[in-house]
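Colleague: Use the sequences and the hints to build the structure in full.
In the order they appear, the protein sequences are chains W and S. Just so we're aligned, residue 1 is where the first sequence starts under this note's numbering, counting upward by one. Just so we're aligned, residue 1 is where the second sequence starts under this note's numbering, counting upward by one.
Because the hints were derived from the structure by calculation, they are not lab data. Idealized CB from N, CA, C, for every residue including glycine. Don't take every hint at face value.
Claimed, not checked - DMTMM-like mimics (lysine to aspartate or glutamate), calculated; alpha carbons at most 25 Å apart, straight line:
#, chain 1, residue 1, chain 2, residue 2
1, S, Lys320, S, Glu166
2, W, Lys71, S, Glu69
3, W, Lys71, S, Glu78
4, S, Lys320, S, Asp170
5, W, Lys53, S, Glu51
6, W, Lys71, S, Glu51
7, S, Lys320, S, Asp147
8, S, Lys159, S, Asp170
9, S, Lys269, S, Glu199
10, S, Lys269, S, Glu283
11, S, Lys159, S, Glu348
12, W, Lys71, S, Asp80
13, S, Lys28, W, Asp94
14, S, Lys28, S, Glu108
15, S, Lys320, S, Glu158
16, S, Lys345, S, Asp147
17, S, Lys159, S, Glu51
18, S, Lys28, W, Glu30
19, W, Lys6, W, Asp65
20, W, Lys80, W, Glu47
21, S, Lys159, S, Glu353
Claimed, not checked - Computed, partial: chain S to chain W, Cβ under 8 Å:
#, residue
22, Glu59
23, Leu352
24, Ser385
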Amino acid sequence: MGDTLKLSYTTALVLQTISSGYNYGFDIMEVTGLPSGTVYPTLRRLEQQELIKSSWETQHTAFADQRPARKYYRLTRDGKGALTNAVHRYALLDRLISAEKSNRR
Amino acid sequence: MRYSTDSLAPRRVIVDKEDVLSTRPLNKLLWWCYLVLRLASWLVPQRRRLEWRREWEAEVWHWRHFLVESGRLSVSTEQDLLRHCWGAFADALWHRFNRVAVARFVNEFLRTPRFCLLACLTLLAGLLIGRPVTVFQDVFAPPPNIDSDHLLTVSLGEKSSWLQPEVLHDSAVRWPAQTQLIDSDATYAWRPSVVRGPEGEENIASARVTSGLFGLLGVRPILGRDFQESDSPQCEDCVVLSNMLWGSQFRRDEHVIGRSFLLNSRRVKIIGVLPQFRFPAHEIGVYSPFGQNPHPLLPMYEWPGVLLRVSGGSNLETAKRQVEVVVNGVDSAPASTTLDVLSLKDIENQSLESWAGLIILAVLLLLALNWRQFARLRTTGPHASLHDCLHWYLFFATKTTLLLITALVASFELVQAVVSRTNGSTHPLASGAAIWLFLIGAGMAVTWSVRDQLRRCRTCLRSFGVQVEIGGAARGLLELTGVELVCDEGHGTLHVPLMDSSCVDFERWIYLDDSWHALLGNQEAGISVS
Chain W
1 MGDTLKLSYT
11 TALVLQTISS
21 GYNYGFDIME
31 VTGLPSGTVY
41 PTLRRLEQQE
51 LIKSSWETQH
61 TAFADQRPAR
71 KYYRLTRDGK
81 GALTNAVHRY
91 ALLDRLISAE
101 KSNRR
Chain S
1 MRYSTDSLAP
11 RRVIVDKEDV
21 LSTRPLNKLL
31 WWCYLVLRLA
41 SWLVPQRRRL
51 EWRREWEAEV
61 WHWRHFLVES
71 GRLSVSTEQD
81 LLRHCWGAFA
91 DALWHRFNRV
101 AVARFVNEFL
111 RTPRFCLLAC
121 LTLLAGLLIG
131 RPVTVFQDVF
141 APPPNIDSDH
151 LLTVSLGEKS
161 SWLQPEVLHD
171 SAVRWPAQTQ
181 LIDSDATYAW
191 RPSVVRGPEG
201 EENIASARVT
211 SGLFGLLGVR
221 PILGRDFQES
231 DSPQCEDCVV
241 LSNMLWGSQF
251 RRDEHVIGRS
261 FLLNSRRVKI
271 IGVLPQFRFP
281 AHEIGVYSPF
291 GQNPHPLLPM
301 YEWPGVLLRV
311 SGGSNLETAK
321 RQVEVVVNGV
331 DSAPASTTLD
341 VLSLKDIENQ
351 SLESWAGLII
361 LAVLLLLALN
371 WRQFARLRTT
381 GPHASLHDCL
391 HWYLFFATKT
401 TLLLITALVA
411 SFELVQAVVS
421 RTNGSTHPLA
431 SGAAIWLFLI
441 GAGMAVTWSV
451 RDQLRRCRTC
461 LRSFGVQVEI
471 GGAARGLLEL
481 TGVELVCDEG
491 HGTLHVPLMD
501 SSCVDFERWI
511 YLDDSWHALL
521 GNQEAGISVS
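Modeller: If you want it as structure tokens, here you go:
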């Protein structure tokens, strides 16, 4: 699936963000600057295409930190393949996230 | 600050007393955010709503605390957070109408029997809505304002010798004196004619009629007047036009009264135009007064008839039998002449019978042409369950009937549209052309209906979604080859062999047992469907 799928720039950006370790909606919005109305539907679509997989944080961990549990996203094998293709296609994609990462540090 | 242990926790934040004043604006912001999320959540399908809201509320909760902890809380960031919540509507709409789910739903719905019937009904409704249907006008609709319960027609029988119209007219004048059943009568005689008018030459049927005929039929002219007693000697060249000829020759000109044209090479003057109605004997284009026949007498060329009104209280069938005796009496007609008495209802029934005969002929023809497909329908149709069998044939019958009615209406409307564009009105040949068109359309409709039926599951009647090719064409003699059409719902497969006629392989339906449900039963597991 990942070998043949052509992702849009926005989708690839979201995928790259997750790959870089920003793995929940708010973080992805912060890094990419995309609005929530774009990020969340993109996450749903990527999950439907089995490029990412979501999982809920355990209630135990969240309760220990006195906060509600969050939903995390991570790349699947197909997602990694699709991202590799997308990085070849959009050459600046990789640098964009790395730059953002260093800014946040 | 403590966080509630409720699983939907982000909605409830329990604050200590000393924090109340400082967190009040934040709580107000949260309240607005959660209100927006709750409104948006109504768009999300119910089975996903809880999880969807949990994720969004957790995000909002974390965002708010991030702003507080990082010291970035301001009017601007609060607005950002609220704006972020409005994005939930886009997300919720995606859940409700996401492209994959909609495409999947459309794909599945297109294969259901319900869609098939709906499509047929829509097609038929599209043809019927807002348009007069020629088939009903021409064949089934009774003439306007005609009292068909009290009208009889007298015409020459099939084996009768020809009778001069004037002779029949003289006899008809005497009939009311011979029986109390007849109130009034009118005579007509129709013949093939040629009209030469503004739009050129046209072959029609014309009729000579006595003055009371239109009154008996209950038809009044829409322009000008009809015939009077005095017209016969004084206005021999006067004619009344039918609605059809008014359209085809004069393009429905409202100032047509007084204009002239050639009828059988004789110049005639228009005194009236009739509304659309069906004359009992034939479709007539021009009516002239029943006076002296200006044309040479040609036996078997002009066909006479009489229209009778029977008295109000008498039964039409009884009256018909008695009138038949009177009109065929020794004093009334020559010995070699036989007169048939028919009611207008009989004439309508004859027309319906001829239509029914034609439709039966068409069905037989279609059966003969499609016998092989029909045989497949029977052999591969359901046999085991009476319920399945009933559904199978009921669906086929309903679908085919709807398609046949659609073909019938479409053929008449199409011919009517073409004729109207060329001539401006209905043409007698239009019905003939429409019948042939209907036969072609019916053939196509039935063929499609059978083929569609053969591509449906015997149990759920949905079209097959999966097609599997089995075996190799090169080894057709050694192993089973062909196509297996699989029902998505897991009811069974239809095996269609590569070769139509084979002694080792044949078309058959194979029911799948419960063990297949693991493979076919839970298709939604990997795909999210709204």
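Colleague: Decide, hint by hint, whether the structure agrees.
Modeller: Against the structure, the hints:
no. : hint                   : in the structure
1   : S:Lys320 with S:Glu166 : 23 Å, holds
2   : W:Lys71 with S:Glu69   : 21 Å, holds
3   : W:Lys71 with S:Glu78   : 23 Å, holds
4   : S:Lys320 with S:Asp170 : 20 Å, holds
5   : W:Lys53 with S:Glu51   : 15 Å, holds
6   : W:Lys71 with S:Glu51   : 10 Å, holds
7   : S:Lys320 with S:Asp147 : 15 Å, holds
8   : S:Lys159 with S:Asp170 : 22 Å, holds
9   : S:Lys269 with S:Glu199 : 16 Å, holds
10  : S:Lys269 with S:Glu283 : 21 Å, holds
11  : S:Lys159 with S:Glu348 : 22 Å, holds
12  : W:Lys71 with S:Asp80   : 21 Å, holds
13  : S:Lys28 with W:Asp94   : 40 Å, violated
14  : S:Lys28 with S:Glu108  : 46 Å, violated
15  : S:Lys320 with S:Glu158 : 18 Å, holds
16  : S:Lys345 with S:Asp147 : 10 Å, holds
17  : S:Lys159 with S:Glu51  : 88 Å, violated
18  : S:Lys28 with W:Glu30   : 23 Å, holds
19  : W:Lys6 with W:Asp65    : 40 Å, violated
20  : W:Lys80 with W:Glu47   : 13 Å, holds
21  : S:Lys159 with S:Glu353 : 21 Å, holds
22  : Glu59                  : 5 Å, holds
23  : Leu352                 : 59 Å, violated
24  : Ser385                 : 38 Å, violated
In this structure, the earlier hints numbered 13, 14, 17, 19, 23, 24 are contradicted, and the remaining ones agree with it.
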